[in-house]
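There are 2 protein chains.
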Amino acid sequence: MSPPLIVASNRGPLTFERAPRGGKLLARRGSGGLVTALSSALIEAEGMWVAAAMSEGDREKVAASTSGRIDHVEGDARYHLRYLDIPPDLFDGFYNRISNGVLWFAHHYLWDTVTSPSFGPDVEESWDAYVDVNQRFAKALAEEGEKLGGDTAFLVQDYHLSLVPRMLRDLVPDALIAHFSHTSIAGPTYFRMLPARIHDQVMRGLLGADVLGFHAPAWAENFLLSARQLPGARVDLARSRIVTEGREVTVRIHPISVDGRAMREVAATPRVRSLRHALNRWRDNNRLILRVDRLELTKNVVRGFQAYELFLRRNPSWLGRVRFLALLSPSRMELPEYREYTEACLGEARRVNDALGREGWSPIELRLKDDYIGAIAAYGLYAVLFVNPVIDGMNLVAMEGPLLNRRRGVLVLSRKAGAYGRLGRYALPVNPFDVDEMADALEQAMAMPVDERTRRSRGLSRLVLANPPARWVGGQLEDLERAKRRRP
Amino acid sequence: MSPPLIVASNRGPLTFERAPRGGKLLARRGSGGLVTALSSALIEAEGMWVAAAMSEGDREKVAASTSGRIDHVEGDARYHLRYLDIPPDLFDGFYNRISNGVLWFAHHYLWDTVTSPSFGPDVEESWDAYVDVNQRFAKALAEEGEKLGGDTAFLVQDYHLSLVPRMLRDLVPDALIAHFSHTSIAGPTYFRMLPARIHDQVMRGLLGADVLGFHAPAWAENFLLSARQLPGARVDLARSRIVTEGREVTVRIHPISVDGRAMREVAATPRVRSLRHALNRWRDNNRLILRVDRLELTKNVVRGFQAYELFLRRNPSWLGRVRFLALLSPSRMELPEYREYTEACLGEARRVNDALGREGWSPIELRLKDDYIGAIAAYGLYAVLFVNPVIDGMNLVAMEGPLLNRRRGVLVLSRKAGAYGRLGRYALPVNPFDVDEMADALEQAMAMPVDERTRRSRGLSRLVLANPPARWVGGQLEDLERAKRRRP
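Chains U and A are the protein sequences, given in the same order.
The opening position of the first sequence corresponds to residue 57 in our numbering, with each subsequent residue numbered one higher.
The opening position of the second sequence corresponds to residue 57 in our numbering, with each subsequent residue numbered one higher.
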């Protein structure tokens, strides 16, 4: 029997939305390995999921409940949720300004340091909102943990909740707490660009956990190096352990993966099949280079188009015989940087199309919409999957694609993605800042002989299937068990 | 008797310029601790300085010499120089494109990663020029070393010549080689944004030395962390040693300083005295906040003006009673980023002056010219010296100011300057990205009681005087001695 389990994340596994014309509140399940893995774990163990109410429907659902808890049954799955109804102003400071506007930028090296960041009084104010929301989470976790009993394991997710481990520790000193970072982690020199107060509180906040999890060795290492500079912290780099305030904190690497079985089921549905056929007709006789991304500053769409242009100019025989399909879902449009970047991507695609397009053929097709099912369909058809983020905590596209591709497609993969550590040996590696190298990789991918492509694509899907999401959660629970046994 | 010594740096200690109307070639000596320290060392030891010919006059001087050597006597000082006449195209690739356009940006975290850098075929080509020029330096060093004898010590300077240690090692396997980095050093995650070939060659190039010197512990640490990721290199972080290819490389910290005696002599000359009087009249009854900088992307001029504006808005009683004098010397105007930044600085000063200026008083005076003597004069008069780089290998302004100031002025100093490690305890520290904190520091500096100011300003000049430039060279020569004794 597993111990009771409480998961905390900013976004919960279900979003509630009112059906048209004042109908019922319908639940939509989030996609991705995280939700799958943690939902399954929660179904096995007694427990619940604490998250922020994100939609109007979420808020209605919270308001309709007396205990603040939402119980939802769907097929075999039962969800026990507690969604926190956070005032919009506070949520804006916590989520848009600090989480996505400051911490995300720091961990992904996104600042143009000559002019940004510039921390003024407004950031101080937003930081107070971040602290407040983290405190609300910690309080809710402590309350729910008390109901479930003393050996509850807390799994706190991601950079939105970096203060929760320490706050929860203060409320429940002997709690078993794991925190998992789904992002890349900046090295100490860069991370110290944050105001000292924010930097120190984030570091101390995380160090309230028993175990800190990361997707890749490079991110774990960067965290350890930052911890090394904290007064009073003793860091053992070789054993990935930190001793601070008389407690031991373990740093562990657990690369997440995707739910291969579930994805293949989706890919086999009539809806996806018909989308795939339509796309195949659209493709015509062209080979397909595919990218699928949230339209995110880190995803490197513009340099990707430039590399593709360079590839075409160097290999004009491919003109009219290849198309680059970019499926981009809009993201974080509250932040001006993201609106500008969207324009830059659209502009670059237009420029390349104007420069190299012909009657009846244009080199790039950019589709700007949130279209998960469309991506699943497109994965089946690519000759080359182009995944070139400037930096990425993990990157699931690099796993989803090879799992569903039916044409022995080649994966071109950035060395800066966490996924590179697992998949690199079967991919063509690129430095995402090196347009020259990316153009070469596209050329090499398009020219690769079929047995080589077969070997690589089989290797990739084998690696993905060998690491089901349950293993990711299981590893974390084992870490907590070990941490518990090591306690004095 | 010291061993023979050969210094290599991109820019030599003397620049030759033709006097007006076709007169004689006159030598102008560079300022700064580096030239002072190394010149003195070269006067004591037999030896020479190898550098690139930078001016037309330098090239004429080289052409007039049969041996390629230039011997120059000035007062007590004799200079033995060898200036390499490098074709302009090659020099452009080596100096503007790679050294200043790529390596400088990498080590100072200057890229706006969403769009820059973007390495294309042009960078590959410029890299070949960088390799070529480094090879010319290595060859000249080997030749001159052969003339001087086997125990010659080579002191190779800075990021322009990062391949020289390895190339020289290949030519003279048992040479005693030290390399000193005068810049900050980026952490491994950031430094690996470089194309793999460039990254690896720079690292391997430096590791050809026996000793690698840095100004501050943070830069040494970042280098060691990068070395740790090189296949085949064994790094001992605690002892700052690297074993690679069966050789041992020691990493050492030697903070450079300024030549206090020489600077005080300059400050006492009639010319500086009259400039100081003129500036004092201009200042009128205003307190003076001073900054002195090369107009360099890292110097953080724009955020500095914003912090000053915030300070004035929070403390309106200072309106009309304080002036911010910014002495900025134009720099690297071949690079578009520097031209744009110059415009941004001018624009920001104008904006603040328009917003807060009054009849007969404007808050900021920006003087854009190369005016070392003017800076020496201004140092005497400041109430606050504002040194807020976003990152800086060392920063000598933070030393020159306190040495020459006569008003118990306060130093506001960025935690990101190498100088902070030595001077921090007597300065008001700021995070250069935190406009809020910088405004607070200015307020605190302006309000500081006189005994506190006295204590701090005395502490600062004492620290500067305690570390004369000769010590910086001496330390490096001792390192080389030790390295020699440790050899099998």
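A few of these clues could be false.
As the list claims (entries may be wrong) - Partial selection, computed: residues in chain U whose CB lies under 7 angstroms from chain A: (1) Asp168; (2) Leu391; (3) Tyr394.
Stated by the list, open to error - Covered stretches of chain A, going by a simulated chain U footprint (3 or more residues, C-beta under 8 angstroms): (4) 188 to 194; (5) 357 to 366.
Since the hints were derived computationally from the structure, they do not count as laboratory data.
A virtual CB, placed ideally from N, CA and C, is assigned to each residue, including glycine.
Going through the hints against the structure:
For Asp168 of chain U, the interface hint holds, the least distance from its beta-carbon to any beta-carbon of chain A being 3 angstroms, beneath 7 angstroms. Annotation: Leu391 of chain U was flagged as interfacial toward chain A, and the flag is violated, the nearest CB pair being 12 angstroms apart, outside 7 angstroms. Residue-level restraint check for Tyr394 of chain U is violated (minimum Cβ-Cβ distance to chain A is 10 angstroms; threshold 7 angstroms). Look at the region 188 to 194 of chain A against chain U: 0 of its residues bring a Cβ nearer than 8 angstroms to a Cβ of that chain, fewer than three, so the hint is violated.
Given a C-beta distance limit of less than 8 angstroms, the hint that chain U covers the region 357 to 366 of chain A holds, as 4 residues qualify and 3 suffice.
Checked against the numbered hints given earlier, the structure breaks hints 2, 3 and 4 and satisfies all the rest.
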